[in-house]
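Colleague: Sequence:
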Amino acid sequence: MKKILFILLAAFALESCDFLDEQSKTQIPLDAYFNNEEEAMLFLYGAYYQVRNTVFGTDFMYLTDTMTDNIDYSSTNVDRKAVTYLTLNPSNSIVKSIWGKLYTVIEQCNILIDKLEKNPDLSPANSDNIIAEAKFYRAWAYFQLVQLWGEVPLVTVPVYSVKEDNIRPARSSLDAVYSLLISDMEWVTTIVEEEPSVITVTSGVGYPLTVSRAAAKTLLAQMYLVRKEYMNVISTLDLFADGTTLNENYGLCSQYNYIFDTRYKEVEERKKEVLMEINAQAEDKFNNTWHREVAPSELKGASGETIQGATSGYQSYTPSYDLFSSYDTNDMRYRQTYQITSANKPHFLKGYDIVALNQNLAGPNFIMLRTADAYLMLAEAYNELGAPDKAVFFLNIVRQRALLSGLDASLGHDDLADAILQERRWEFAGEGAYRLYDLRRTGRYIDVMTAFTARVQEMSNEEMKQSFVNPQDGKKTPELDVPFIKLSKNAQPKHLLLPIPADERIANPNLTQNPGW
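Going by the UniProt record's numbering, the sequence shown opens with residue 1, and the numbers climb by one from there.
Since the hints were made in silico from the structure, they are not lab data. Fair warning: there could be bad hints in the mix.
Below, simulated BS3-like cross-link-like pairs (lysine-lysine); rule was C-alpha separation at most 27 Å, straight line [unchecked claim]: (1) K228 / K390; (2) K465 / K81; (3) K465 / K390.
Quantities reported herein were computed from a predicted structural model and do not represent experimental measurements.
Full structure from sequences and hints, please.
Modeller: Spelled out as structure tokens, the structure:
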């Protein structure tokens with residue numbers, strides 16, 4: 001089994017968070033900490049906490065999937081509507097929130113790296129493993145920043161070490177940022193183990209690390225894909241496949257819903273696909289508001305019965321008509337990702353905790369990295385390098401799990417590229433940033449969103465109804481209003497990047513604004 005289960009034990013998270021809160025209140029000097037591996041690990045868990053604070057809740061989803069043709073928003077929050085409708089501005093609170101959260105992750109990691117590199121008393125092996133984890137999460141945070149905002153300030157030292165003449169850093173070039181990220185991640189892949197190890201301290205307590213070699217290589221391959229370094233994508237993902245010979249330690253779940261349903265966390269085949277996930281805490285410890293936002297006001301049970309009660313939600317975020325109607329109704333992902341309730345529109349099952357006891361206290365994990373992405377990156381890289389046989393080999397692995405027929409290598413480059421992009425849409429819908437990053441990376445964002453808006457407006461000009469195959473039972477639904485939510489997303493060139501938050505530019509006059517904002 002080669003996977004990473006993001007083990008964030010409640011006690012560790014609370015202890016590290018308390019430490020950070022206490023530090024800010026009493027100004028305990030950081031020099032008084034990091035005297036041993038235990039203190040270093042507790043601080044590392046503080047960084048984990050900040051990563052979880054970024055991706056859980058709803059802000060991260062607002063800034064990613066809702067800006068695409070995948071997700072609609074039907075509630076009343078002004079800033080959330082602005083993101084969904086692409087009418088946001090630099091003062092948008094969600095834009096500010098995610099920028100700040102990502103830089104908080106970076107600062108936590110910078111402190112840890114700085115302190116461990118200067119401490120000769122720690123075991124070199126343990127120190128390297130902890131630094132590798134910190135560099136992984138710092139790279140992850142910067143990777144989100146550059147894909148959302150483009151050029152950003154590149155800060156690699158803690159705030160306390162910043163020289164006075166650079167206390168308000170300007171934006172660094174993409175080449176400079178990616179040079180650091182790729183260099184760091186290449187080093188990380190040589191340090192982390194196939195299975196995350198455990199740091200055992202003098203008291204005998206074991207502190208689990210979280211990054212596996214497969215997770216590190218997948219994140220690095222994502223960076224190479226953005227940079228269009230296709231040979232490096234293939235060589236980096238050699239852990240998954242040597243040519244078309246697959247490594248049996250990795251694979252796809254036979255049932256798509258095993259990935260997301262909390263009841264299947266320990267299924268062995270799931271461990272071959274889920275390379276990194278962020279655990280929600282126990283129900284009485286953590287408020288996972290994303291569950292509440294995607295959960296319907298009622299749920300259909302296995303026999304079609306209506307279930308209402310403690311897990312009822314707002315159904316604020318729903319799949320767009322454009323996404324929902326694009327599936328082959330025999331696609332396993334269609335059957336296991338969506339339900340249609342009496343609200344007469346579909347909702348996501350991803351992120352919905354079917355066994356939760358309270359709408360505010362749910363436990364589905366956030367899936368950060370999985371093997372399906374590695375296969376589809378290999379498909380894209382091989383297609384760009386003119387090897388369609390290998391491209392369709394990896395594409396068809398994903399399609400076959402979904403119960404779709406395989407595609408043929410006789411497809412031309414452009415048609416195969418379209419097929420891979422569409423497969424990624426079906427595979428990762430509702431999982432965060434995939435669709436937005438894919439459309440921007442391939443240069444298709446404006447064209448795709450323009451076509452999407454034209455289709456929505458055409459349907460909105462007259463009353464339209466349509467019957468669907470219900471994912472739950474395969475029967476025809478009553479006629480539903482389409483599109484489910486009548487909204488337009490008028491993408492413009494400025495939407496290829498987010499605006500730099502207004503408050504950040506007030507605090508730092510050296511931050512230039514992105515074009516059009």
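Colleague: Hint by hint, note whether the structure agrees.
Modeller: Verification of the hints:
1. This hinted pair checks out: K228 and K390 have alpha carbons roughly 18 Å apart, not beyond 27 Å.
2. Restraint check for K465 and K81: satisfied, since their Cα atoms lie roughly 25 Å apart, inside the 27 Å limit.
3. With a C-alpha separation of about 42 Å, the suggested pairing of K465 with K390 is violated against the 27 Å cut-off.
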